[in-house]
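Put chain V on the given structure of chain F with help from the hints.
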Amino acid sequence: NAGVMQNPRHLVRRRGQEARLRCSPMKGHSHVYWYRQLPEEGLKFMVYLQKENIIDESGMPKERFSAEFPKEGPSILRIQQVVRGDSAAYFCASSPGDGSYEQYFGPGTRLTVT
Amino acid sequence: AQSVSQHNHHVILSEAASLELGCNYSYGGTVNLFWYVQYPGQHLQLLLKYFSGDPLVKGIKGFEAEFIKSKFSFNLRKPSVQWSDTAEYFCAVNAVGSARQLTFGSGTQLTVLP
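Chains F and V, in that order, are what the protein sequence lines are. Every letter in the first sequence is one number past the one before it in my numbering, and letter 80, counting from 1, is 1428. Every letter in the second sequence is one number past the one before it in my numbering, and letter 89, counting from 1, is 99.
If we strip away everything but chain V, and leave its shape as in the complex, we get:
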């Protein structure tokens, strides 16, 4: 079974700082990878996804993530955060060809100070 680790539980940044949130997964086969964001009081929204191809994927709101297969990682980045990026961020994975359910990390709470 696959598992996902998000090592940063809470990140606090000032506006305009650069962001990198770590995500590592464990699974020996092919995976699809996702980052979801949950703004306060709202539902989970898909930020970006990786299925295949270019390992650097761009999502909404200026976010991007890089899939490094050798490191089993899919870190989320943004060059300059805004106060409105304050939210909880979840990394998720599912295994291609098997069960469709997503396995989530425990989430990273990002607080951006104005």
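Only chain F is shown next, with the shape it has when bound in the complex:
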């Protein structure tokens, strides 16, 4: 039973480029969450999605960041025109969507902006 998959595990981008981070939830899970972990800090919620719907994006920066979870395929977190301050570990989590509050985390993507 595969867990939450994220790719790439490491991503290096120059300032101004775009970063695309992918997350495949656990089999049977229909809810996806994205979190960001800055150095020396805990994880901070960014966005909560269900298939084809953004449920809560209260933690997303207002500009340059977007997320989607299409009917088919992985969830994508997209960062346009990256800046050095976007360097962080980005974690995806999934949950079954049956009322369960448990979230299962992927290995994360470490984004480095040079």
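Think of the hints as simulated: they come from the structure by calculation, not from any bench. Even glycine gets a Cβ: it sits at the ideal position worked out from N, Cα and C. Take the hints with a grain of salt, since some may be wrong.
[To be verified] Example chain F residues on the side facing chain V (calculated, C-beta under 7 Å, incomplete):
#1 P1387
#2 L1391
#3 F1413
#4 F1453
[What the hints assert, rightly or not] Restricting the straight-line Cα-Cα distance to at most 30 Å, the calculated cross-link-like pairs of lysine-lysine (DSS-like) are:
#5 K79/V - K68/V
#6 K71/V - K59/V
#7 K1419/F - K1375/F
#8 K1419/F - K79/V
#9 K81/V - K1392/F
#10 K81/V - K1419/F
#11 K59/V - K1392/F
#12 K71/V - K81/V
#13 K1410/F - K1399/F
#14 K1375/F - K81/V
#15 K1375/F - K1399/F
#16 K1375/F - K59/V
#17 K1399/F - K59/V
#18 K1375/F - K68/V
#19 K1410/F - K1392/F
#20 K79/V - K1392/F
#21 K59/V - K81/V
#22 K1392/F - K1419/F
What follows is chain V alone, placed relative to chain F:
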């Protein structure tokens, strides 16, 4: 909005010592509480959770936590740590009936000396 405090940023213990990591949250309503562990180079794993019922919950690998509602606390304990417990530990909370996202503490790095 809820917040979580983990007051110990770095704890160093010798093997066989007892462990207690503090976690306090602020939120006036009903919460679900979690402890996650992140071993070096690995993703977050759920150690234990509290939803309701017995406030003393047991998790994997000999860990337990006690929910004390009057103190808004959910401290993690283990009677005898092992070198393999070296990891970062995160306390997290979400508010029942509202947003599903987890609010994390800043984490406690535990180092167990052999």
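Evaluated hints:
1. Violation of the interface hint for P1387/F is found here, the shortest Cβ-Cβ separation to chain V being roughly 11 Å, above the 7 Å cut-off.
2. Given the 7 Å rule on beta carbons, the hint for L1391/F holds: about 4 Å separates it from the nearest Cβ of chain V.
3. Hint on F1413/F is violated. Least Cβ distance to chain V is approximately 16 Å, over the 7 Å limit.
4. Annotation: interface hint on F1453/F holds; nearest CB of chain V at approximately 4 Å, less than 7 Å.
5. For the proposed pair K79/V and K68/V, the alpha carbon gap of about 17 Å is at most 30 Å, so the pair holds.
6. Note on K71/V and K59/V: the hinted pairing holds, with a Cα-Cα distance of about 14 Å set against a maximum of 30 Å.
7. At most 30 Å may separate the alpha-carbon atoms for a hinted pair to count; K1419/F and K1375/F meet this at roughly 14 Å.
8. Proximity of K1419/F to K79/V is assessed by CA-CA distance (about 41 Å); at most 30 Å being required, the pair is judged violated.
9. Between the alpha carbons of K81/V and K1392/F the distance comes to roughly 24 Å, so the proposed pair stays at or under 30 Å and holds.
10. Between the alpha carbons of K81/V and K1419/F the distance comes to roughly 44 Å, so the proposed pair goes past 30 Å and is violated.
11. With a C-alpha separation of about 19 Å, the suggested pairing of K59/V with K1392/F holds against the 30 Å cut-off.
12. A threshold of 30 Å between alpha carbons decides the hint, and for K71/V with K81/V the separation of about 26 Å falls inside it, so the pair holds.
13. Taking the CA atoms of K1410/F and K1399/F, the gap is near 22 Å; set against the 30 Å cutoff, the hint holds.
14. For the given pair, K1375/F sits about 38 Å from K81/V by alpha-carbon distance, which is inconsistent with the 30 Å threshold.
15. The suggested pairing of K1375/F with K1399/F holds, with an alpha-carbon distance near 13 Å, which does not exceed 30 Å.
16. Simply put, K1375/F and K59/V have alpha-carbon atoms about 22 Å apart, close enough for the 30 Å limit, and the pair holds.
17. Distance hint between K1399/F and K59/V is fulfilled; the C-alpha atoms sit about 26 Å from each other, no more than 30 Å.
18. Our distance criterion of 30 Å between C-alpha atoms is met by K1375/F and K68/V, whose separation comes to about 27 Å.
19. For a cut-off of 30 Å, the pair hint linking K1410/F to K1392/F stands: about 15 Å separates their Cα positions.
20. Among the hinted pairs, K79/V with K1392/F is consistent with the structure: their alpha-carbon atoms are about 24 Å apart, no more than 30 Å.
21. At roughly 18 Å between alpha-carbon atoms, K59/V and K81/V fall within 30 Å of each other, so this suggested pair holds.
22. Only pairs whose Cα atoms come within 30 Å are accepted, and K1392/F paired with K1419/F is accepted, the gap being roughly 26 Å.
Violation of the numbered hints given earlier is confined to hints 1, 3, 8, 10 and 14; the remaining hints are satisfied by the structure.
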